[in-house]
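Protein chains in written order, with my numbering: chain A, 17 to 325; chain B, 17 to 325.
What the hints contain is simulated information worked out from the structure, not anything from laboratory work. Mixed in with the good hints, there may be bad ones.
FRET-style restraints, in silico, Cβ to Cβ [claimed, not checked]:
no., chain 1, residue 1, chain 2, residue 2, range
1, A, A131, B, G218, 18 to 26 Å
2, B, E151, A, D249, 54 to 62 Å
3, A, L288, B, P55, 34 to 42 Å
4, B, G248, A, A163, 35 to 43 Å
Every residue gets a Cβ at the ideal spot worked out from N, C-alpha and C, and that includes glycine.
There are 2 protein chains.
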Amino acid sequence: MTTKDKPRVSVIGLGSMGYGMAQSLARVGFPVTGYDARPEVVEKFAAEHGTGAASLAEAAADAEIIVLVVVNADQTQQVLLGEGGLLGSAKPDAVIVSCATMAPERARALAGLVAASGRHYVDAPISGGAVRAAEGALTMLVSGPPAALDRARPVLDALSAKLYLLGDEAGIGASFKIVNQLLAGVHIAAASEAIVFAKRLGLDIDRVYEVITASAGNSWMFENRIPHVLEGDYTPRSAVEIFTKDLGIIADISRSEKFATPIASSALQMFLMTAAAGMGKDDDASVARLYAQIAGIELPGSPNSPTKD
Amino acid sequence: MTTKDKPRVSVIGLGSMGYGMAQSLARVGFPVTGYDARPEVVEKFAAEHGTGAASLAEAAADAEIIVLVVVNADQTQQVLLGEGGLLGSAKPDAVIVSCATMAPERARALAGLVAASGRHYVDAPISGGAVRAAEGALTMLVSGPPAALDRARPVLDALSAKLYLLGDEAGIGASFKIVNQLLAGVHIAAASEAIVFAKRLGLDIDRVYEVITASAGNSWMFENRIPHVLEGDYTPRSAVEIFTKDLGIIADISRSEKFATPIASSALQMFLMTAAAGMGKDDDASVARLYAQIAGIELPGSPNSPTKD
Numbered sequence: 017m018t019t020k021d022k023p024r025v026s027v028i029g030l031g032s033m034g035y036g037m038a039q040s041l042a043r044v045g046f047p048v049t050g051y052d053a054r055p056e057v058v059e060k061f062a063a064e065h066g067t068g069a070a071s072l073a074e075a076a077a078d079a080e081i082i083v084l085v086v087v088n089a090d091q092t093q094q095v096l097l098g099e100g101g102l103l104g105s106a107k108p109d110a111v112i113v114s115c116a117t118m119a120p121e122r123a124r125a126l127a128g129l130v131a132a133s134g135r136h137y138v139d140a141p142i143s144g145g146a147v148r149a150a151e152g153a154l155t156m157l158v159s160g161p162p163a164a165l166d167r168a169r170p171v172l173d174a175l176s177a178k179l180y181l182l183g184d185e186a187g188i189g190a191s192f193k194i195v196n197q198l199l200a201g202v203h204i205a206a207a208s209e210a211i212v213f214a215k216r217l218g219l220d221i222d223r224v225y226e227v228i229t230a231s232a233g234n235s236w237m238f239e240n241r242i243p244h245v246l247e248g249d250y251t252p253r254s255a256v257e258i259f260t261k262d263l264g265i266i267a268d269i270s271r272s273e274k275f276a277t278p279i280a281s282s283a284l285q286m287f288l289m290t291a292a293a294g295m296g297k298d299d300d301a302s303v304a305r306l307y308a309q310i311a312g313i314e315l316p317g318s319p320n321s322p323t324k325d
Numbered sequence: 017m018t019t020k021d022k023p024r025v026s027v028i029g030l031g032s033m034g035y036g037m038a039q040s041l042a043r044v045g046f047p048v049t050g051y052d053a054r055p056e057v058v059e060k061f062a063a064e065h066g067t068g069a070a071s072l073a074e075a076a077a078d079a080e081i082i083v084l085v086v087v088n089a090d091q092t093q094q095v096l097l098g099e100g101g102l103l104g105s106a107k108p109d110a111v112i113v114s115c116a117t118m119a120p121e122r123a124r125a126l127a128g129l130v131a132a133s134g135r136h137y138v139d140a141p142i143s144g145g146a147v148r149a150a151e152g153a154l155t156m157l158v159s160g161p162p163a164a165l166d167r168a169r170p171v172l173d174a175l176s177a178k179l180y181l182l183g184d185e186a187g188i189g190a191s192f193k194i195v196n197q198l199l200a201g202v203h204i205a206a207a208s209e210a211i212v213f214a215k216r217l218g219l220d221i222d223r224v225y226e227v228i229t230a231s232a233g234n235s236w237m238f239e240n241r242i243p244h245v246l247e248g249d250y251t252p253r254s255a256v257e258i259f260t261k262d263l264g265i266i267a268d269i270s271r272s273e274k275f276a277t278p279i280a281s282s283a284l285q286m287f288l289m290t291a292a293a294g295m296g297k298d299d300d301a302s303v304a305r306l307y308a309q310i311a312g313i314e315l316p317g318s319p320n321s322p323t324k325d
């Protein structure tokens, strides 16, 4: 596919994920328009990578594919259906690629509204963090009608290193993502509990990291997050509030589906306590700081206080 | 080291781990005596691999190194100090290599009793399962006085693929093991919760396994145990009761040290419920069967009933 053949893409939401994704699309030759509620971010994107839009309507005007990289279901709905929203301005057959993590039921409802307007909805939650977003190397958990997937495919390919096509309707991608988040959230909380427990037992926690990452107690999250604790660096790579949100979605589903999730529920409480202690915007490994603070244990880079208010 | 130079070793406890370990030592030329409370297992070992002993005293008589592969601290103490125990019969300078998972405090206390008798105690919890035990490819988390470690070293090397020497007193190896078990137990419970939750959401759980093992939600335990669920095979590779025991040790330490472990505590409750439902001797992935049973969800190989009473 030459640049000339590439569909015009708009990316809505130029946060740490969206900016990198828009950048990845521009780098491989897609004509990309970026929109964000913060004009200075739009200007930066326009100066460095593509075209900026001053409104959702302007972003939607010529786009074949519109990628939504906002925080949650409510923001996604607002961008689609709120005042000046995309469903009032997008081309009649535009494909909406929706990346926020949300309850499967919300994804299905939004897909229904988009389809009723004549446009097409692709359920496409992402994982991998800001660095991979900027490299076009995300994991994408995608579902949607085959015709819409076909049209979005070049964009999905450009954004991902691992692209999973999981089914022909919205909600399936969202379901896979939420199962991943259940595990990821529990593993971060467990890693935090274990490393501070190890410190309480008097162990050298650098050595604990070495031993556990080579043992049956390892997890992707233990291996990835515990270095933040060992370095005492809680600059948010992914914030505590992402998991109060995502484990909160699981808690909602748990009640609505009458399916008990006691382990995820315990993990949610630890993220909520960490946020309550003022660390909601800090790195999610801050759960370890909460355990340390409660038990009066010193971790590297103490004091055990929030990075910011 | 030639066979002639190798120290005489006795292995006490020829269960699924101990039998394989004794076999591994015999294979590389150690003169090995095996003892177990079940005479038929001792006979089998004597016929296939080494020498059998009819009592602890007989096993201890000529041994330089005595490897204890029993279930817990109480059994270890009984073998050492109970009627006919090793401290009444072992050579004056024998090295006791103790492999059971136990509270660090118990390991320190036993080490003190062994040292008071003139013998030497090596704290050497193991991990890796029966297959690796028989291959001499365990992970060993070892601590103890340097002179005792030096003497035990050829035996430890023959038993392990990964040998961690973690400190110069008993209790450190035990502490590392217990931190690993905290994570391992939580990860099994979380994997069980997540895979049945995924099924409740209507997902293809084989596909969930494929996606999660390539994603940030992965853990060593998810990757290793969920195939048992997918195959509906709950033949015990490692039993539910191992984790009611090991997470129980963590619950004890949690109270005695005043260090809250809410995630491990939730996981312990799930293992206890699984044992209470009659699956204590089944594979630890049976926690998934409990979730399924509670929610009326069918997993592969259902009905969701214990393998045995």
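Hint numbers not upheld by this structure, sorted from lowest to highest: 2, 3
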